[in-house]
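Protein chains in written order, with our numbering: chain A, 1 to 233; chain B, 1 to 233.
Just so you know, not all the hints are guaranteed correct.
[What the hints assert, rightly or not] Pair by pair, the computed Cβ-Cβ distance ranges are:
| # | chain 1 | residue 1 | chain 2 | residue 2 | range |
| --- | --- | --- | --- | --- | --- |
| 1 | B | 78 | A | 175 | 29 to 35 Å |
| 2 | B | 212 | A | 61 | 31 to 37 Å |
| 3 | B | 233 | A | 35 | 44 to 50 Å |
| 4 | A | 133 | B | 226 | 45 to 51 Å |
| 5 | A | 132 | B | 18 | 26 to 32 Å |
| 6 | B | 52 | A | 216 | 52 to 58 Å |
| 7 | A | 230 | B | 217 | 33 to 39 Å |
| 8 | A | 62 | B | 233 | 42 to 48 Å |
In short, the hints are calculated from the structure, not lab data.
Note that the structure is a prediction, hence the values are computed from the model and not measured.
C-beta atoms are modelled at their ideal positions from N, C-alpha and C, and glycine is treated no differently.
There are 2 protein chains.
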Amino acid sequence: MIEIHPLSGIPEINKGDDLAAAITAGLAATGLVPREGDVLVVTHKVVSKAEGATAVLVGEENAAYRALVEEEAVEILRRRGDLVIAKTRHGFICANAGVDRSNTAPGTAVLLPRDPDRSAHSLRLSLLQATGVDMPVIITDTFGRAWRKGLCDVAIGLSGLEAIADLRGTFDDFGRELKVTEVAVADEIAAAADLAMGKATAMPAALVRGLGLPIGNGRATDLVREAPGDLFR
Amino acid sequence: MIEIHPLSGIPEINKGDDLAAAITAGLAATGLVPREGDVLVVTHKVVSKAEGATAVLVGEENAAYRALVEEEAVEILRRRGDLVIAKTRHGFICANAGVDRSNTAPGTAVLLPRDPDRSAHSLRLSLLQATGVDMPVIITDTFGRAWRKGLCDVAIGLSGLEAIADLRGTFDDFGRELKVTEVAVADEIAAAADLAMGKATAMPAALVRGLGLPIGNGRATDLVREAPGDLFR
């Protein structure tokens with residue numbers, strides 16, 4: 001059985017706040033004692049806020065927001081009205097280059113963390129120090145998809161797991177070798193955690209227990225399909 | 001807390017088998033008594049097999065497989081080598097029009113169910129009769145994505161839930177109205193269940209408990225972004 005526990009008791013996070021301490025307090029407030037095998041999922045918004053990856057929208061807010069999106073984008077794939085589908089400097093393709101105005105103070109926007117894999121790694125080390133348990137960390141954002149409506153949370157930062165479980169070389173129940181089954185486990189964990197965290201509530205983190213995944217050395221950028229291999233640019 | 005329980009004890013399913021009975025037996029074998037609010041997730045493969053949505057690959061297997069993919073596709077979006085990205089008759093965009101040769105007897109392929117939303121609805125009604133509990137049902141398949149590597153399970157059939165939780169009109173913690181947050185909950189549940197079911201094991205179903213979602217009337221086809229609204233065709 002897999003369990004997904006949203007963490008309660010995490011206060012609003014501001015620049016310079018100790019996110020690991022806030023999460024450790026959240027674990028305690030939720031009555032959870034971390035165990036080996038647990039994975040900690042946190043929305044990027046609190047990571048960005050703690051790191052100061054936010055911006056004040058100076059002047060007319062919508063114009064300032066649009067300018068900021070252009071600044072954060074390294075490539076614009078599509079535009080329609082106010083919607084921009086862009087590549088971020090990390091290589092992620094998402095709406096508005098990841099610049100977000102929800103769950104942040106009016107007149108401000110939250111950017112993606114500068115290096116979310118590094119942020120995940122730092123948080124993992126701090127949580128190890130605080131709890132004594134080496135918990136893999138996944139930092140999430142909410143992305144749209146081509147061809148399918150609705151948004152799903154995905155992994156944009158990762159430490160302690162492989163991003164993709166490569167099942168090539170294993171066999172199905174009929175003895176047929178699984179040749180192309182590379183499961184994006186980090187994204188599936190992000191999606192699972194989102195079900196528990198919700199969007200409008202102050203629950204920016206969740207503990208996922210019982211995944212049975214070994215510690216690994218993946219990065220969320222392993223999930224980026226670069227243009228030469230991507231049929232849809 | 002959300003719990004995801006993979007169901008053990010479900011035997012290999014063949015054409016004409018009573019899938020609801022097999023799942024009910026699986027629930028019992030796993031020690032689960034269904035409750036209101038539980039959601040039953042099942043991979044399409046067993047649904048297709050029960051419905052006889054399979055094909056024998058006559059003659060040279062790879063050639064027969066490729067011909068079958070062309071037959072199942074209503075539109076080819078991209079080709080590269082043996083890989084075909086196609087639209088199915090349901091409107092889903094996926095590799096090889098959903099025709100799959102893993103976890104099926106050598107020389108055969110599994111197709112998508114003809115009408116997976118209807119399949120989900122039938123299964124939901126049969127499970128209600130068998131267990132007395134109205135459990136929403138999600139039928140899943142494993143899809144690739146544009147821009148991101150790795151595969152994630154998604155919903156291709158649905159009964160008893162909304163496919164998309166529309167949060168427009170609700171407010172974030174700063175009182176800002178959430179304008180475009182439509183969460184593809186059916187896909188997130190599919191992804192979450194996949195983490196418990198695995199790919200090469202004989203666990204084609206899972207019970208997801210604690211989602212807190214109301215009964216709804218969505219269809220998995222609600223998740224299809226039609227070409228006029230899709231920037232990536």
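Q.
I'd like to know which numbered hints this structure contradicts. Please list them from smallest to largest.
A. Hint check: 5, 6 and 8 fail, others pass.
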